[in-house]
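Asker: Residue numbers (our numbering), protein chains in the order written: chain A, 1 to 675; chain B, 1 to 675.
By construction, these hints were calculated from the structure, which means they are not laboratory data.
Worth double-checking, as some hints may not be accurate.
Just so you know, same-sequence chains aren't split out, so a pair can sit in one copy or run between any two.
[Stated by the list, open to error] Here are the simulated DSSO-like pairs of lysine-lysine, each with C-alpha atoms no more than 30 Å apart in a straight line:
id, residue 1, residue 2
1, 152, 236
2, 658, 632
3, 152, 61
4, 581, 632
5, 513, 398
Protein chains: 2
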Amino acid sequence: MVVATQSTKSVEELCINSIRFLAIDAIEKASSGHPGLPMGAAPMAFVLWDQFMRFNPKNPKWFNRDRFVLSAGHGSMLQYALLYLTGYDSVSIEDIKQFRQWGSATPGHPENFVTAGIEVTTGPLGQGIANGVGLALAEAHLAAKFNKSDAKLVDHYTYVILGDGCNMEGVSGEACSFAGHQGLGKLIALYDDNHISIDGSTDVAFTEDVSQRFEAYGWHVLHVEEGNTDLEAIAKAIEEAKSVTDKPTMIKVTTTIGYGAPNKQNTAGIHGSALGEDEIKLTRENLGWTSETFEVPEDALNHMRKAIERGANYEQEWNKVLSDYKSNYPEAAAEFERYLSGRLPDGWDKELPTHTPEDKGLATRKYSQACLNKLAPVVPELIGGSADLTHSNLTELKCSGEFQKGAYENRNVHFGVREHGMGAICNGIALHGSGLIPYGATFLIFTDYMRAAIRLSALSEAGVIWVMTHDSIGQGEDGPTHQPIETLASLRAIPNLTVIRPADGNEVSGAYKVAIEQAKQNKPTLMAFTRQGVPNLDGTSMEDTAKGAYVFSCGFAPEELDLILIGTGSELQLCAGAAEKLKAEGKKVRVVSMPSWELFEAQDEAYRDSVLPKVARKRLSVEAAASFGWQKYTGFEGGSVSIDRFGSSAPGAVCLEKYGFSVDNVVAKAQEIIG
Amino acid sequence: MVVATQSTKSVEELCINSIRFLAIDAIEKASSGHPGLPMGAAPMAFVLWDQFMRFNPKNPKWFNRDRFVLSAGHGSMLQYALLYLTGYDSVSIEDIKQFRQWGSATPGHPENFVTAGIEVTTGPLGQGIANGVGLALAEAHLAAKFNKSDAKLVDHYTYVILGDGCNMEGVSGEACSFAGHQGLGKLIALYDDNHISIDGSTDVAFTEDVSQRFEAYGWHVLHVEEGNTDLEAIAKAIEEAKSVTDKPTMIKVTTTIGYGAPNKQNTAGIHGSALGEDEIKLTRENLGWTSETFEVPEDALNHMRKAIERGANYEQEWNKVLSDYKSNYPEAAAEFERYLSGRLPDGWDKELPTHTPEDKGLATRKYSQACLNKLAPVVPELIGGSADLTHSNLTELKCSGEFQKGAYENRNVHFGVREHGMGAICNGIALHGSGLIPYGATFLIFTDYMRAAIRLSALSEAGVIWVMTHDSIGQGEDGPTHQPIETLASLRAIPNLTVIRPADGNEVSGAYKVAIEQAKQNKPTLMAFTRQGVPNLDGTSMEDTAKGAYVFSCGFAPEELDLILIGTGSELQLCAGAAEKLKAEGKKVRVVSMPSWELFEAQDEAYRDSVLPKVARKRLSVEAAASFGWQKYTGFEGGSVSIDRFGSSAPGAVCLEKYGFSVDNVVAKAQEIIG
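Whenever a hint applies, use it, and build me the whole structure from the sequences.
Answerer: Written out as structure tokens, the structure is:
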């Protein structure tokens, strides 16, 4: 095969080969693991970034940039090469040499919290495309809310590159079905159809007709037959995608994995490892590449770096739009700028209700409903909904309508029975970075369906609020498939996720105060609410809820305490009741309400010791959930009233009683511990 | 609307209405929650059970029965009504009156471990159809293995009824894409297309073309336009489905939710609650129903109970096939009967390798590979694979080929990048009840994608082996999206699931011994293996692994101990190294290896105290994972060498060192605790 030498190649080819060889060199140096070589994906990425994407390398967070998501995150070197070549400060050639090394700006998978220019964290397959749906949803909502007939303040595309792996994952199917339903026309996905996944040819497991499936979802579907070389066809397809405004577009781009590596292209071997010295030599020959390792031809760099000037112009043009907008629509402009600033409206939390024991007790999911609806009018950036359990989760914002095609200004999103998709979409909305506070709701047990997305909200600093109801065996008749047992523990174990299980109306208000504030600080919060009614207790506090745990009732000095009862959520009332009985027997008992472990751990030691004094080692936790993890607070001398088996189908009150969640049983366990 | 009265109706209509009114009456009595009224689904279920399904009510576990899965598990009363009407002993009319009550045989969702005649546990949407794929896979495999040209010993269908909710869930998409790829022709799904989910019309969130999507998956797709009444069309469609043998069939059956309830049909209101007295009266009038509450017309019962005789005949016919098979193929017959008996082959575990410290250490995933391949030839019922990480999880059985269309006798299943689908398919294989031991593999972190299925394996007593590799930050370069931190804790928290994290070759063999034995006892086991190499340690034991924890090294009486170091997996070596150093300083240190909390908790107290004596309260756990939960063993006076934050992208050894997993750091922490 005779090929043109480097010097006779077009600048486009030089650019594409620059991406390819930066990746080859970086992966060769880093070895180990399963980074993806973007040999086949480089042309589509180049066309996209060179001809279509609007972004400003010198201001990566410029609001109106097109969003780019590399859903096939194992190809992260593709994105690092693009960031470097187009002139982002976040990725230097030195960073590329440090690919996948300790402390580098170029980790194994794209991480938005590490590298400026990365929008979302990908790697777990299917998440990126689903995040992309969230980004496009955010754009559609903000455009509907802020744009005027003479002012397109919000106007950008969301581009996603995804692979076979992403398309096999259920989460992508859920999100793409939703995107098709919503007609998110500014979402454009390029499917790198290279027929290879880690196990080999997709023939071994994945022979469905992906294009037909996306058509079934209501997408506009295109096909580029020769994605390795046919830049015109790629550009034409993207043009065509942009011309269809009422449907998302999926462009299937057929490529060859490892394109250009004579012995390894089109094999699974290339998916999981570096090329190796010999094959690199052959690939260089094959593609006519003569630059040194980690070196980019000047022509290519000059060409790519034009993005800097382009980006400055884009931003300048948009600044003009913004400035006109400020003149013509000062109020809307102020609100828009508040959104972007991440500030909450002044006095937003004044609306949060407080309660006294005289207030008839309700299910905490009902207090959640009240909080959401008190907040919705004053915190207009709150947007979200439920995975088809709106009237069980009680998450409807009554001041707004349904987010639907043609009504994107509305804030009630029907996610459908798609928990995982919902999770990833909410992450995308949060990571749009425009101040929106997304919330997603389902039964607490079904966090199991969306756990990967919840974890990613914590990892990638997505300020999402997770509203989870039916939080214990109090769920009742639906039985053990629907009753969380280990669920709270499994969520508390996730780093950077704040879990709050409030006991009554005041604590629910406190939980929302924390959740909203944390969302603005890019921290997710998960709240667990009861299905069943609970009383408003004398001693709960909205303010103290923010501390995670506090003394609910006491009256004794630490050193005289016989026992500390620690309750959460619907079981705090049992602690209060048991404490009364125990005190009547002359026992010196403190009750601690502990809605959130994470918030408590964030307090200083003095505070923590004031609530759970080291000298008072006899402690009993009471929570209608697994005891798993409670020993941190109860130690060897304490115990737990808990349920360490699966639940049962029966009325919730019966389940609770049968499994020992009664004042009498708490008293009995307390007496055992006191001895 | 004038309708025929009950007495003039056909027996088919009486049967269908019997199903409907049993459900109406049971749900009315039970109230609360979101049980589904099978008004629209009753006709298809009746046709299926009356004309097609082969089963024996008096022997619910008869091997060659057709399998039936109600994937839309909230319609459980449909299935209880069918079980009662066709004469199963497991559901009496009294049981139906106890619908959703404490201790009843009729829980809120179908539970195979409660009610004979229920094949799998459904309710969490999408699981049932995916289980159905597993059931059909098991049938296909056993048929390919055991059937002879003159003997169809294994020959049954798997029928599934699923709804819109199931079809929105990603897990169903994953499993159905897989089923289409595999051409599982004896899987027939009836899609109850009633356009309503809990949030209202599917128009609010689900407007994709489901039929087209299934065609894209490679399914045979049919449509019954009038599923409420057109029994002939339903029967014809099922006939047609059976005639296509190389593709699974999806029959879209368009129905009206709440059919017959004049004010509530075709509304979401009917999804979540009972009809209420007035509407029941109107529905009775509308459908011409005059029987008393919970009463079934004799004609209907007589008709339905013919299933008993039919069933006995089916079984008798099959017994003849079996008996001929025994004569003609005694060896295969003996093996078949062993499969069904749940017995393991004699001496199966003799092949499990043992190791000495002289053996070069390998990654525990490599020992897992060795165990799988030692076992595969002698335990032929082992069948499974990976979610596209075969060569990372090292799960290929070298003695067998790929399970593919036309080669169902093989045992290496390529699940594709479909973790959740894989999980539910494995559950289905296990719950086929034919002695197969399914295993499913991915990276440990991606248990997050399939957690709902893992939980269901534990709840529904599915003897699955979960093979999870890359079990810590030792995973390395892929970074925090791929590095488990809280994952072990989150899995240990699941009731009835045994988690084992072996330290070296001997413990891996011990883990497999437990996993295989437990599979036969319908208990799932999850094993966590390292990516990186570990040494074979002096003191590990295959036998002791079964006890969950054991003294690895000591030499001191309990009361003289300064410290107990508790290690798991790749960190046991750090404990061993630290103990050497501490002993050299004169400290009296015991090292406990603790591969499995659950197995340890199952030991008697005397044994547990012999390993972790109550008098020895200074304890340090060492595990490259979150400390969450470890306080159960370390108490207030102990501590953990752990990682309580997300990891980093860097070579695994660097990650481990940086986050404190070194002998020196363990020694330092130990000294702190000893004081």
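Asker: Of the hints stated earlier, which fail here?
Answerer: No hint contradicted; all consistent.
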